[in-house]
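K.L.:
Sequence:
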Amino acid sequence: ASLVIGAAVVLGLIATFTVMRSVIRPLKITTNAIRQVNSGSIEIDLPPIRPDEFGDMAVALRQFRDQAERLRRLAYHDPLTGLGNRARLEENLQRAIDRSRQTREPVAMFYVDLDNFRAVNDKFGHKVGDRYLGEAASRLNRFMPDGAQLYRHSGDKFAITIDNLDVTSALENTLREQADGVLRGLSESYPLGENLLNMSVSIGIAVFPGDGETAEQ
1 ASLVIGAAVV LGLIATFTVM RSVIRPLKIT TNAIRQVNSG SIEIDLPPIR PDEFGDMAVA
61 LRQFRDQAER LRRLAYHDPL TGLGNRARLE ENLQRAIDRS RQTREPVAMF YVDLDNFRAV
121 NDKFGHKVGD RYLGEAASRL NRFMPDGAQL YRHSGDKFAI TIDNLDVTSA LENTLREQAD
181 GVLRGLSESY PLGENLLNMS VSIGIAVFPG DGETAEQ
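Here the sequence shown is numbered in my numbering, starting from 1 and rising by one per residue.
Misleading hints may appear alongside valid ones.
As the list claims (entries may be wrong) - Computed beta-carbon distance windows for the label pairs:
| # | residue 1 | residue 2 | range |
| --- | --- | --- | --- |
| 1 | L171 | K123 | 20 to 26 Å |
| 2 | K123 | R101 | 43 to 49 Å |
| 3 | T103 | K127 | 43 to 49 Å |
| 4 | A75 | L196 | 15 to 21 Å |
| 5 | A75 | N116 | 26 to 32 Å |
| 6 | E172 | G193 | 18 to 24 Å |
| 7 | K127 | E172 | 36 to 42 Å |
| 8 | N195 | G147 | 34 to 40 Å |
| 9 | P209 | D113 | 39 to 45 Å |
| 10 | L171 | L192 | 35 to 41 Å |
| 11 | D115 | P209 | 26 to 32 Å |
| 12 | Q102 | N195 | 49 to 55 Å |
| 13 | G82 | G147 | 15 to 21 Å |
If you're looking for bench data, these hints aren't it; they were derived computationally from the structure.
No residue lacks a Cβ here, since even glycine has one placed at the ideal position from N, Cα and C.
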């Protein structure tokens, strides 16, 4: 009888341990994921989906993660061109400036303005104007310097940021050559049906630290 009782106790302990383990482990994972959510993190270590309450929480956390990512894209991306918007530009540019303070490597920005966008918009309408902006963004992306980042700042204005520049080179000449490459790349007319729309841009160049101490400047 004592053997039977002992075996029953052992089996009971094993069963209890198994049940606790099946609860505690997913509880820890779920709790950790919730803490990441509360901290504002998008990169969440999601718990596995299970056929129980923990599984329901895992589904809810995935839905939250996906919704947060959609909101982040809306907050930082231009819906027309798919480029980063002004908020993303200012955030990334400030990060590049902060890195530059440590590395002593300059950061440059090209501020790009489409020369005749208003005339295209007025003559052909906003739908054609949107297509014109999309083509300009595509060309800028194609002809900007390697490793640079392109943003739509506002309206018909774009920005190109360039970091990791070589301080030992003739920086002014390098930037002028890069800007000339962008100008040439956008100089070809844009065919629209039977029309040829002239496309050109004006470019202003600013360099940290010589032209400002912050992204806004």
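K.L.:
So the hint says 43 to 49 Å: do the beta-carbon atoms of T103 and K127 match that?
P.N.:
holds, 45 Å
K.L.:
Honestly, do A75 and L196 meet the 15 to 21 Å range at C-beta?
P.N.:
violated, 37 Å
K.L.:
Could you tell me whether the CB distance from Q102 to N195 stays inside 49 to 55 Å?
P.N.:
holds, 51 Å
K.L.:
If I claimed the Cβ atoms of K127 and E172 lie 36 to 42 Å apart, would that claim hold in this structure?
P.N.:
holds, 41 Å
K.L.:
Against the range 18 to 24 Å, how does the distance between the Cβ atoms of E172 and G193 compare: consistent or not?
P.N.:
violated, 42 Å
K.L.:
State, for the Cβ atoms of G82 and G147, whether the hinted interval 15 to 21 Å holds or is violated.
P.N.:
Holds - the Cβ-Cβ distance for G82 and G147, about 19 Å, lies within 15 to 21 Å.
K.L.:
I want to verify a distance hint. Is the separation of the beta carbons of L171 and K123 within 20 to 26 Å?
P.N.:
Given range 20 to 26 Å: violated, Cβ gap about 40 Å.
K.L.:
Do L171 and L192 keep their Cβ atoms within the hinted range of 35 to 41 Å?
P.N.:
Given about 38 Å between the Cβ atoms, the range holds.
K.L.:
That 26 to 32 Å hint for A75 and N116 (C-beta), does it hold up?
P.N.:
At 31 Å between Cβs, range holds.
K.L.:
Honestly, do P209 and D113 meet the 39 to 45 Å range at C-beta?
P.N.:
With Cβ atoms ~24 Å apart, the hint is violated.
K.L.:
Confirm or reject the claim that K123 and R101 have a C-beta distance inside 43 to 49 Å.
P.N.:
Since K123 and R101 have Cβ atoms about 47 Å apart, the given range 43 to 49 Å holds.
K.L.:
Is 26 to 32 Å right for how far apart the beta carbons of D115 and P209 are?
P.N.:
The hinted range 26 to 32 Å holds for D115 and P209, with Cβ atoms some 30 Å apart.
Going through the hint list in order, the structure does not satisfy hints 1, 4, 6, 9.
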